[in-house]
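Trainee: If you're matching them up, the sequences are chains F and V in order.
Heads up, the first sequence is in the working numbering, so the first residue is 1 and it goes up one at a time.
Heads up, the second sequence is in the working numbering, so the first residue is 680 and it goes up one at a time.
Incorrect hints may appear among the rest.
Simulated pairs of lysine to any residue, SDA-like, Cα-Cα distance not exceeding 25 angstroms [said to hold, decoys possible]:
hint	chain 1	residue 1	chain 2	residue 2
1	F	Lys-72	F	Ala-119
2	F	Lys-462	V	Ser-747
3	F	Lys-462	F	Leu-546
4	F	Lys-462	V	Met-824
5	F	Lys-483	V	Gly-871
6	F	Lys-500	V	Arg-880
7	F	Lys-500	V	Arg-876
8	F	Lys-462	V	Leu-700
9	V	Lys-859	F	Leu-519
10	V	Lys-859	F	Met-439
11	V	Lys-859	F	Ser-455
12	F	Lys-462	V	Leu-856
13	V	Lys-859	F	Thr-432
14	V	Lys-859	F	Arg-440
Not close to chain F: a few residues of chain V, all C-beta gaps over 12 angstroms, as computed [what the hints assert, rightly or not]:
hint	residue
15	Asn-885
16	Val-941
17	Val-949
Since the hints were derived computationally from the structure, they do not count as laboratory data.
Keep in mind it's a predicted model, so treat the numbers as computed, not measured.
From the three backbone atoms N, C-alpha and C, an ideal C-beta is built for every residue, glycine too.
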Amino acid sequence: MATLFDVRNLEVKYHTRAGVITAVRDISFDVQDGEILGIVGESGCGKSTVASAMMRLLPPNGRISRGQILFKGRDLCTMREDELRTLRGSEISVIFQDPMTGLNPVFDVQSQMLDVLRAHTRGQTTPSLRQRALQMLERVGIPDAAERIHYYPHQFSGGMRQRILIAMALMSHPAVLIADEPTSALDVTLEAQILELIRGLRAELGTAIIYISHDLGVIAQLCDRVVVMYAGQIVEKGDCAAIFRDPRHPYTRALLAAHPSHRHNVERLAAIPGRVPDLTALPAGCRFADRCEYAEPLCHAQEPGYVLSDGRQVLCHAGIVERIAGTQVAKAGTPVEAGPLVLAQPQVADVLVATEGLQTYFRDRVGMIAALRHQLPAAVRAVDGVNIHIHRGDSVGLVGESGSGKTTLGKTILRLVNSTNGRILFDGQDITHLDDGSMRPLRSRMQMIFQDPYSSLSPRMKVSSLLIEPFQIQGIRVDPREKVSELLAMVGLADEQADKYPHELSGGQARRVGVARALALRPEFLVADEPTSGLDVSVAASILNLLKDLREKLGLTYLIISHSLNIIGFVSNRMGVMYLGRLVEFGPTAEIYEHPAHPYTEALLAAISEPDPQMRDSQGRRVLLQGEIPSPKNPPPGCPFHPRCQYARPDCARQRPELTAIGPDHLVACFYPLCLGTR
Amino acid sequence: MESVSRPSSLSARLLDRVPVLGQILQRPLGALGFVIVLVFVVVTIFAPLIAPYDPAKQDFKNLLTPPSRVHILGTDYVGRDTFSRIVYGARVAVEAAFPAVSIALFFGLLLGMLAGYTGGWVDGAILILVDSIHAFPMMILALVMVALLGPSLTNVVIIIAFAMIPGYARVTRAQVLSVKENDFVEAELNLGASTARIIVRHVLPNILGPLVILAAMDLPGVITFEAALSFLGLGVQPPTPSWGSILSDGFRNIFITPWPIVASGLTLMVTTLGFTLFGETLRDVIDPRLSGTKGI
């Protein structure tokens with residue numbers, strides 16, 4: 001095996017208004033022919049800076065101030081721009097996170113692919129290049145590639161665009177592919193498909209891959225070797241299996257412990273306290289010391305060097321590495337004994353929120369002429385006949401791919417979106433058609449935590465005003481200072497935050513303010529829409545713990561919407577699975593994870609990337625969900641899932657299965673539920 | 680409830696804005712614009728102290744004189760002091776420009792918010808109305824209106840305000856449409872807030888930035904337009920001095936003395952330039968796209 005990349009003591013500086021920032025320091029690693037190297041760490045740790053430096057594509061204010069980047073023995077740092085250009089795209093390719101902006105919207109796919117090919121090949125005719133482009137599209141799994149090669153980017157979905165970008169990156173058979181969070185913007189099911197594709201292409205073309213991700217699960221499933229980064233430094237690097245089995249750096253351990261997993265039955269997640277240090281004001285000594293559970297006085301005084309431990313390099317003091325070596329990753333709190341969960345027996349009187357045949361359709365705006373001719377556009381059936389019962393004190397999780405109608409269902413229940421049909425019952429009262437005035441007193445009993453923490457906080461109001469607003473609106477007299485400080489304390493924020501504007505808060509803090517505002521009026525029912533989206537693992541863990549604590553303390557009832565089954569597994573005791581606006585399975589979370597009854601649930605569970613390389617061996621068991629979720633404007637006839645279902649039988653296309661009980665408290669909308677052994 | 684409803688004191692808001700002025704002064708062109716605007720403002724406020732003569736006082740012994748120690752910019756055809764007339768002309772420019780822009784801003788804001796927030800057929804109707812006004816050439820509109828209403832400063836203000844409403848209505852509507860998409864509007868609804876509260880406390884503060892910029896950039900145009908109308912004799916009536924009327928008076932005697940034309944023309948040009956530079960720098964400094972990214 002030949003060494004492709006050899007990065008030695010790389011240091012990158014950014015010149016900013018605040019001064020010169022050393023973004024990454026003393027980075028050394030190598031990439032061997034045909035291997036997949038993972039770079040993992042929280043945001044702001046310098047992963048993308050390293051990738052940009054390796055392409056010599058740093059932003060104008062960035063500079064490589066020290067070190068070498070040897071590619072096949074030649075130093076990229078001293079290369080001229082025209083030499084670099086011949087390497088980029090032909091020897092080194094890159095794919096980025098956002099597939100929506102990676103393609104030029106005004107050219108069709110073929111001309112964009114031919115552009116790349118022409119830049120790197122000489123003396124080939126256009127038809128032969130076109131043939132190559134077409135083959136590549138077929139290889140990455142674009143159906144009807146011969147026809148679709150003439151499509152424009154907007155005619156493809158996000159997953160398809162990422163496939164096209166991969167095809168473009170690999171067309172010239174590069175030696176190295178740098179992939180910067182290529183699946184972070186995609187659903188788990190698509191993520192699993194793309195990972196499978198990347199794995200297959202590596203085996204077939206022998207391309208080495210540098211895979212950058214914040215997601216430990218993806219890294220564990222894909223990589224041969226791993227580099228863990230923290231605050232601009234490599235803290236641990238070595239063999240993937242070894243790092244996940246027995247991490248030797250406290251940060252790696254903390255990251256793994258903070259990762260929610262439905263396979264580990266834990267009470268609380270081990271959140272990492274604090275946040276990644278500001279690169280302009282680095283602490284003396286070890287950069288992780290302030291957040292490290294193993295920290296000793298030495299750590300705050302002296303910067304550690306690299307220690308070789310079990311064939312891995314660890315940036316930590318030797319004494320601590322020895323102490324850590326071989327011990328189990330501590331998932332904080334007392335691990336719950338695996339076994340049947342004790343569930344509160346449902347009673348009819350206990351139902352807090354219920355919907356009956358709830359439908360929410362959206363229609364596009366129509367032009368005047370079309371309206372006069374009664375040409376109504378097809379409705380988007382965001383929620384299409386949902387019956388859900390949420391018991392008081394329960395925490396109900398709602399999962400499904402994006403476009404399955406989870407958020408719309410949550411908002412319709414809260415009457416933020418008007419329903420088209422059906423009924424909504426809150427504490428026995430029909431609230432489907434209540435007017436604003438009659439809804440107002442009920443509003444204080446049901447609240448929502450929004451997906452985007454910044455967008456949901458009015459940008460020109462201070463935190464204190466935001467937290468007092470609910471009382472003003474409801475006309476409740478309170479002592480503002482006392483109340484604000486009480487609410488901030490409840491979500492674990494200091495009093496100083498009261499005087500800040502939302503944009504001055506970090507993502508985790510903004511989320512906590514959102515939680516505090518939602519809980520200000522002491523609601524009984526709380527809808528949380530993707531409560532951890534956009535947050536790093538360590539911060540997400542603390543938010544999930546907070547939600548769990550508050551539920552116990554205040555006796556709340558939750559509806560938690562998430563695309564992540566790991567999160568749902570951690571915070572909910574009952575869950576619903578949605579597909580194309582319908583509930584396809586509903587029941588106790590533990591039971592569904594153990595024995596999924598609907599093929600869609602099984603596929604979702606199989607698509608989870610576990611932070612455990614051992615799971616890769618059970619690859620054959622993985623049921624990869626093919627294709628993508630169809631348009632809710634025109635759902636397939638019969639069972640809406642049948643075109644993607646690997647167990648589908650002819651009658652699935654003819655008739656639509658209704659939600660029926662297959663066990664106590666376990667409902668499924670399938671003619672042939674998996675766990676009943678009818679297959 | 681009043682005790683808690685002060686979101687941020689005036690001083691806090693001013694402090695929030697002061698960096699904007701600091702940033703404007705950091706840019707050479709912005710600083711130049713700011714100085715010109717400042718001089719203009721000082722002149723209008725202290726006109727009686729600055730002007731050596733009554734702008735309407737006629738002096739038949741000194742007709743059409745060139746600049747001298749007595750009349751630093753000379754006199755016009757009835758012996759009025761040109762410098763004093765230009766100083767007082769600045770007042771007319773302000774009296775026309777600020778009310779016109781304010782009225783246009785007020786009605787534009789009202790229509791735009793109604794259209795953007797309500798949507799549906801109200802939106803459609805307002806758009807048709809606004810587009811019809813916009814489709815009318817401003818100068819023709821002015822001529823027709825003056826013919827109907829008669830020439831006066833008040834009518835000039837009404838005409839200009841009317842013609843500018845579409846711009847403000849459209850910008851407001853676009854801003855409201857984008858602000859409305861934010862989750863915080865939904866969060867307010869979810870707390871049971873009334874529409875009025877959402878508009879006044881949450882939508883309005885978030886759309887004012889671009890409108891202030893638009894108003895600042897409209898001012899020089901309005902000053903020029905007022906001068907143009909007065910030049911044509913459709914604006915302020917004699918003996919009230921306006922830069923436009925000084926220009927047109929000067930034209931009749933251009934071969935005897937060019938000074939009234941040179942002085943008023945240059946003043947108009949420099950003032951317009953100053954306001955334009957100031958407005959453009961203001962836009963660059965508080966461009967909503969840039970200030971929007973600051974938080975994330």
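Trainee: Does each hint fit the structure? Answer for all of them.
Mentor: Checked hints:
1. Taking the CA atoms of Lys-72/F and Ala-119/F, the gap is about 21 angstroms. The hint holds against a cut of 25 angstroms.
2. Annotation: proposed proximity of Lys-462/F to Ser-747/V is violated, straight-line Cα distance about 60 angstroms (limit 25 angstroms).
3. Proposed proximity of Lys-462/F and Leu-546/F is supported: the alpha carbons are some 23 angstroms apart, at most 25 angstroms.
4. With a C-alpha separation of about 48 angstroms, the suggested pairing of Lys-462/F with Met-824/V is violated against the 25 angstroms cut-off.
5. Simply put, Lys-483/F and Gly-871/V have alpha-carbon atoms about 19 angstroms apart, close enough for the 25 angstroms limit, and the pair holds.
6. Between the alpha carbons of Lys-500/F and Arg-880/V the distance comes to roughly 18 angstroms, so the proposed pair stays at or under 25 angstroms and holds.
7. At roughly 22 angstroms between alpha-carbon atoms, Lys-500/F and Arg-876/V fall within 25 angstroms of each other, so this suggested pair holds.
8. At roughly 22 angstroms between alpha-carbon atoms, Lys-462/F and Leu-700/V fall within 25 angstroms of each other, so this suggested pair holds.
9. With a CA separation close to 24 angstroms, the supplied pair Lys-859/V and Leu-519/F stays within the 25 angstroms bound.
10. Using a Cα cut-off of 25 angstroms, the hinted pair Lys-859/V and Met-439/F holds, with the two alpha carbons roughly 21 angstroms apart.
11. Distance check on the hinted pair: Lys-859/V and Ser-455/F sit about 11 angstroms apart at the alpha-carbon level, within 25 angstroms; holds.
12. Annotation: proposed proximity of Lys-462/F to Leu-856/V holds, straight-line Cα distance about 24 angstroms (limit 25 angstroms).
13. Only pairs whose Cα atoms come within 25 angstroms are accepted, and Lys-859/V paired with Thr-432/F is accepted, the gap being roughly 24 angstroms.
14. As the CA atoms of Lys-859/V and Arg-440/F are separated by approximately 20 angstroms, the hinted pair is consistent with the 25 angstroms bound.
15. Chain F draws Asn-885/V into its interface by the beta-carbon criterion, the shortest separation being 6 angstroms against a cut-off of 12 angstroms.
16. With a minimum CB-CB distance of about 45 angstroms to chain F, Val-941/V clears the 12 angstroms threshold, and the non-interface call stands.
17. Consistency note on Val-949/V: stated as away from chain F, and its beta-carbon is indeed over 12 angstroms from all of that chain's, at 34 angstroms minimum.
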